[in-house]
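Colleague: The lines below spell out each chain.
There are 2 protein chains.
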Amino acid sequence: MLNRFRLHQSEEVDLSSFDPEETGGIESKDQIRAEYEDLQERLKELQDKLYAGKSHAVLIIFQGMDCSGKDGVIKKVLANLNPQGFRAESFKKPTADEAAHDFLWRTHKVMPAKGYMAAFNRSYYEDVLITRVHGLISDEEADRRLDHIRHFEALLLDNHVVIIKIFLHISPEFQLGKIRERLESPEKLWKFDMSDLQERRYWEEYRKAYEVALARSAKKRSPWYVVPANKRWFRDYLVLRIIVEELEALPLQYPTPEIDLAGLFDDRNDRRPEA
Amino acid sequence: MLNRFRLHQSEEVDLSSFDPEETGGIESKDQIRAEYEDLQERLKELQDKLYAGKSHAVLIIFQGMDCSGKDGVIKKVLANLNPQGFRAESFKKPTADEAAHDFLWRTHKVMPAKGYMAAFNRSYYEDVLITRVHGLISDEEADRRLDHIRHFEALLLDNHVVIIKIFLHISPEFQLGKIRERLESPEKLWKFDMSDLQERRYWEEYRKAYEVALARSAKKRSPWYVVPANKRWFRDYLVLRIIVEELEALPLQYPTPEIDLAGLFDDRNDRRPEA
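Quick note, the sequences are listed as chains A and B, same order.
Each residue of the first sequence is one higher than the one before, counting from 1 in the UniProt record's numbering.
Each residue of the second sequence is one higher than the one before, counting from 1 in the UniProt record's numbering.
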């Protein structure tokens, strides 16, 4: 089932061929409730093995238009993980120090070590999206940055970092509804920003910038997933399933101890303190 | 003069064609004393402009066999810099956290920002040298790492990081003399390590690994300099001159203030506090 949502080695990406309303033939949340719980359990076990084995690192990148649900999916799908082995990183407007370095510096610094998982809420992909839409960089510069991204991800892959890239796909109408919700709800008003309405005007430019970025960076070893996100319950289910299936494909194992367990509790080792 | 010591776009490097005793036709330290002092002054001015302008960053990489004088050259040539805009970074055996990341992680983290200079005492090049000599990585892995290094340096260059790569070239006889000095001098004994003598046995393997690394990573925009280092005074002079000439080739300038300076001290602005 995941194949339909996976992009790898794409020549061209046409986001209009993906329906943001789609739910993969599943009619309602009730229908997958039991499977969802099972997936949650499997994810916890996988994280445990990952942490014990220290053979791989896992990087999950979330990209998408404003209101596509990047915060929500991290909160709902990844909240049950052991925080000792998991971190969520959010990348906003670069600080002065970040802007004085190459564009991969701030994300590389917080890359997960082997044994660890990280979720990136936005990422180095912003540096070929918002910058391009607003003409802060030329198309040539964007091209070079996409090359740098490709090489950077090759470096990570060589170091056994699993890269799961998720594009949360919504429609402009859905976005408008979400902005209205923010304005009307006291618990959501804090998330409203004038830029939500301003950036909306660039919807088409963002779509095109995303299509180029996805086409240029979707690789067999690091595909992109286009996740329909108008239906939040399907978004959560699909993201969870992608992560679980990606991790189950890895040769994760608990390491075998290097000590001789057989004699561990014999008289020599298990001596009680002298009275 | 620097051309003789510069490698760029080399197909092959044969270190035996460089004489570690050579002094570029200069007979003694006295002959260049005045020029050396002048170079020191110019370097300070260049750093000042670099710091003010924030248009470029400068990375100086020092590599070389044990006892080639990496510590010494940093101490002697770079000690006069303004420490607020300069940092020396030393890379020893990776920590557990460093080893759990890709091999470029620990150096990328401490990359100088625009306006800053950094000297690396050893660098990511160690990851294709000591590891290769001791069979910790295969030749294929070393090849892939050299590709990653090439791409990484291209990323830095695109971000206006100037990369000055210096290989301090000594002879095995000179090294032995230096090891003996360490053993005999109370102020140098602390630097002696059994590995100095052990690693010496791999001289030929190191030489070959260096030749491959230099040939593969010497580029027009980021050349290597092979600096003869048996004569310490010539090493210092040449390194200083390389750095000054590289920086003088940059369009460094003091930024012009964005405020109107003409009216700065007129009555409106320069009001004394009311009595």
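Keep in mind that the hints were calculated from the coordinates and are not lab data.
Treat the hints with caution; some may be incorrect.
Any copy will do: because identical chains look the same in the list, a pair fits if it lies in one copy or spans two.
With a straight-line cut-off of 20 Å between C-alpha atoms, the simulated EDC-like cross-links for lysine to aspartate or glutamate are [stated by the list, open to error]: (1) Lys109 - Glu98; (2) Lys188 - Glu199; (3) Lys54 - Glu98; (4) Lys49 - Glu184; (5) Lys219 - Asp147; (6) Lys191 - Glu27; (7) Lys44 - Asp139; (8) Lys44 - Glu205; (9) Lys92 - Asp48; (10) Lys114 - Glu98; (11) Lys109 - Asp158; (12) Lys220 - Glu21; (13) Lys109 - Glu153; (14) Lys114 - Glu153; (15) Lys93 - Glu126; (16) Lys109 - Glu89; (17) Lys208 - Asp139; (18) Lys220 - Glu22; (19) Lys109 - Asp97.
Predicted model only: the values in this text are computed from it and were never measured.
Colleague: Determine for every hint whether it applies to the structure shown.
Modeller: How the hints compare with the structure:
Taking the closest pair of Cα atoms, Lys109 and Glu98 come within 20 Å of each other both inside a single copy (11 Å) and across two copies (11 Å). When the C-alpha separation of Lys188 and Glu199 is checked against a cutoff of 20 Å, the pair qualifies only within one copy, where the shortest distance is 19 Å, while the shortest distance between copies is 63 Å. Taking the shortest Cα distances, Lys54 and Glu98 sit within 20 Å of each other only across copies (13 Å), while inside one copy they are farther apart (29 Å). For the identical chains of this complex, Lys49 and Glu184 are neighbours neither inside a copy (44 Å) nor across copies (53 Å), given an alpha-carbon limit of 20 Å.
With identical chains, the CA atoms of Lys219 and Asp147 are at most 20 Å apart both within one copy (13 Å) and between copies (18 Å). Taking identical chains as interchangeable, the C-alpha atoms of Lys191 and Glu27 are never at most 20 Å apart, the minima being 31 Å within one chain and 71 Å between chains. For the identical chains of this complex, Lys44 and Asp139 are neighbours neither inside a copy (42 Å) nor across copies (38 Å), given an alpha-carbon limit of 20 Å. With identical chains, the CA atoms of Lys44 and Glu205 are never at most 20 Å apart, being 39 Å at best within one copy and 47 Å at best between copies.
Neither within a single protomer nor between protomers do Lys92 and Asp48 lie at most 20 Å apart by alpha-carbon distance, with minima of 30 Å and 32 Å respectively. Taking the shortest Cα distances, Lys114 and Glu98 sit within 20 Å of each other only across copies (10 Å), while inside one copy they are farther apart (25 Å). Taking CA atoms no more than 20 Å apart as the test, Lys109 paired with Asp158 passes in both settings, with 17 Å inside one copy and 19 Å between copies. For a Cα distance limit of 20 Å, the shortest separation of Lys220 from Glu21 qualifies neither inside one copy, at 26 Å, nor across copies, at 52 Å.
In this homomeric assembly, Lys109 and Glu153 come within 20 Å of each other (Cα to Cα) both inside a single copy, at 14 Å, and across copies, at 17 Å. Taking CA atoms no more than 20 Å apart as the test, Lys114 paired with Glu153 passes inside one copy only; the shortest distance there is 15 Å, against 24 Å between copies. In the homo-oligomer, the alpha carbons of Lys93 and Glu126 lie at most 20 Å apart inside one protomer (10 Å), although the nearest pairing across protomers, at 35 Å, exceeds that limit. With identical chains, the CA atoms of Lys109 and Glu89 are at most 20 Å apart both within one copy (11 Å) and between copies (16 Å).
Within a single copy, Lys208 and Asp139 get their C-alpha atoms as close as 12 Å, which meets the 20 Å cut-off; across copies the closest is 42 Å, which misses it. For the homomeric pair Lys220 and Glu22, neither the shortest alpha-carbon distance inside one copy (24 Å) nor that between copies (52 Å) is at most 20 Å. Taking the closest pair of Cα atoms, Lys109 and Asp97 come within 20 Å of each other both inside a single copy (13 Å) and across two copies (12 Å).
When each numbered hint is compared with the structure, violations occur for hints 4, 6, 7, 8, 9, 12, 18.
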